[in-house]
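Student: In our numbering, the protein residues as written are 69 to 664.
Keep in mind that the hints were calculated from the coordinates and are not lab data.
Watch out, some of these pointers could steer you wrong.
Taking lysine-lysine pairs in the DSS-like style, the calculated list, with each CA pair at most 25 Å apart, reads [as the list claims (entries may be wrong)]:
1) 181 to 169
2) 523 to 509
3) 509 to 419
4) 444 to 541
5) 308 to 438
6) 415 to 438
7) 170 to 509
8) 365 to 415
9) 380 to 358
10) 449 to 541
11) 308 to 327
12) 346 to 164
13) 444 to 523
14) 308 to 395
15) 523 to 415
16) 438 to 523
17) 509 to 444
18) 438 to 164
19) 449 to 514
20) 380 to 365
21) 395 to 170
22) 346 to 274
23) 380 to 346
24) 419 to 308
25) 541 to 438
26) 365 to 446
27) 514 to 419
28) 446 to 308
29) 380 to 438
30) 592 to 610
31) 438 to 509
32) 415 to 395
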Amino acid sequence: MSTTDKASTEAPHDSTDSTDSASAEASTEAAAGAQLSTAPLEDAPGGPVGIGVLGWARWFWRQLTSMRVALILLFLLSLASIPGSLIPQNQVDLMKVAAWKKQHASWTGIAEKLQLFDVYSSVWFSAIYLLLFISLIGCILPRSWQFVGQLRGRPPAAPKRLDRMPAYTTWRTDTPPDEVLARAGTLLRGRRFRTEPGRGSVSAEKGYLRETGNLVFHVALIVMLIAFAWGQYFKSEGGKLVLRGQGFSNTLTQYDDFKSGTLFDSDDLPPFSFTLDKFDATFERTGPQKGTPREFKAYVTFTNGAHGTPEKREIQVNEPLEVDGSKVYLLGHGYAPVISVTDPAGKVIFKDAVPMLPQDANLTSAGAVKVTDGYKDKDGKPTQLGFTAVFVPTFAGAGQGTMFSQFPELDAPALALNAWHGSLGVDSGLPQNVYQLNTAKMEQFKAEDGTPFAKRMLPGESMELPGGQGTVKFEGIERWATFSITQQPGSGLALGGAAAAIAGLAGSLFIQRRRIWVRAAAGKDGVTVVEMAGLGRSESAKLPEELSALSAVLHAQAPTADPARTAGGAQSARGARAAEDTEATEPAEEVEGERA
69 MSTTDKASTE APHDSTDSTD SASAEASTEA AAGAQLSTAP LEDAPGGPVG
119 IGVLGWARWF WRQLTSMRVA LILLFLLSLA SIPGSLIPQN QVDLMKVAAW
169 KKQHASWTGI AEKLQLFDVY SSVWFSAIYL LLFISLIGCI LPRSWQFVGQ
219 LRGRPPAAPK RLDRMPAYTT WRTDTPPDEV LARAGTLLRG RRFRTEPGRG
269 SVSAEKGYLR ETGNLVFHVA LIVMLIAFAW GQYFKSEGGK LVLRGQGFSN
319 TLTQYDDFKS GTLFDSDDLP PFSFTLDKFD ATFERTGPQK GTPREFKAYV
369 TFTNGAHGTP EKREIQVNEP LEVDGSKVYL LGHGYAPVIS VTDPAGKVIF
419 KDAVPMLPQD ANLTSAGAVK VTDGYKDKDG KPTQLGFTAV FVPTFAGAGQ
469 GTMFSQFPEL DAPALALNAW HGSLGVDSGL PQNVYQLNTA KMEQFKAEDG
519 TPFAKRMLPG ESMELPGGQG TVKFEGIERW ATFSITQQPG SGLALGGAAA
569 AIAGLAGSLF IQRRRIWVRA AAGKDGVTVV EMAGLGRSES AKLPEELSAL
619 SAVLHAQAPT ADPARTAGGA QSARGARAAE DTEATEPAEE VEGERA
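Given only the sequences and the hints, what does the whole structure look like? Please build it.
Tutor: As structure tokens, this is what we get:
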């Protein structure tokens, strides 16, 4: 029978078979690339139509839990954090908030209505935060179940036309098909592929860690959100300036400043105390980095609990003292001139070390001395004294410029005071800055020539107040150190979440999900035809490279047959394939014409 006669007698049947064959090929190719990702399918455009309240709720939930909306909410959360960095917050510094309101009086009303002084606890910030939290959970749960299903499933069967895959290779060998497939399975399993034998083929899949990385990344984001919320609600942070020889006990009344989260309870403060025994600081003496700090170290006597045994400890920068979830950080240091004040009757009414706040890197420091009780002027009238002070650890010398320190060490200390008398305003009930002098109700002492009275002193020197109003003496110098006591629950959880997010993101970026198929079948001439193909989730040069490496190994085990022996068979196979393609694509009307 000729080829034409075969076509004329079997054309109707072949046309139907070719259609079914095309459909089967399309379905197998679709199955080959299915489920390479756990990303949820996007809804069809146009939104819900005629599905009622329940349908609208389902549509809204799908939109909220889509990755697109999650990314938008994450971007909005970062934008919402900007006002919290630009505008002072009530939970951080009330004095800065008051200063901002005074400087921007016209904007204060709007800022208060928008809760810009409490950004992180505002309604709009919380709404974005909660929506992001819900969106991530709603996105992860179905994706996780889908991924579990993929892990339990098996690689799909090989498509009928492997030569349509992005990566493909073929050769002919004398090795029997079963042996080729057995060696291919061993090779793929050795490369950590999951394999599944089929009829005349082997299917393999690899790269599940890519989807694992995706899920780990999103779960880590939720963990970080939980850790952030936990830390914000239960955190506490306070600062304390401690003079050498003095101590601190971890109670609210001992803090110079203290802020905490909404759900923090003062009973959560761990009971401990410490005394600052000594403070050492060293600075660079020469060279371009002269004055640069080299070492800060505080030596303390630490007691854990009310009846703990005192222990000697050292606290350095970035090496805090850890106590029951709290950390004691060393923040800074400075000097505290020891000043004594004697009244006109010769009685010492004040003697204390007065901390001064550094103003520059060389520890030029400023502060205030306040004598609130015990002083009476020469007429016996009770009053209060105040002194504005500037202290320099290294004075350049008289006539060598203003009071600016030349070096942070105590090489040539000097103290300059301006004297005032009157009311310090400490009885008004309003909080005051202990380092500043409120002179609204005070009058400055005057020298004999009518100029404001002021004097610069070296350690051991004194100054006589005008009119016999008393004496002020610069007794000596003490050191002080500032400590920050923080309790930040959830920080370890946040760190773990951040590390997991980075690892998951790296896995999702650098690991490729791919499938490999190997088919081996005996040709009409008895020679085995081997086909290998690969398919990845996205186009990548690594997939052809990997397929090339695998085929090279398999080819070494099942080498190409003798070309002279297989030339005829190869030509016959190509003719048969061409005939099959012609029959599959030949129009029905042409077949009918041949039949006529």
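Student: Which earlier hints turn out false for this structure, listed by number in ascending order?
Tutor: 8, 9, 12, 21, 22, 26, 28, 29, 30 and 32
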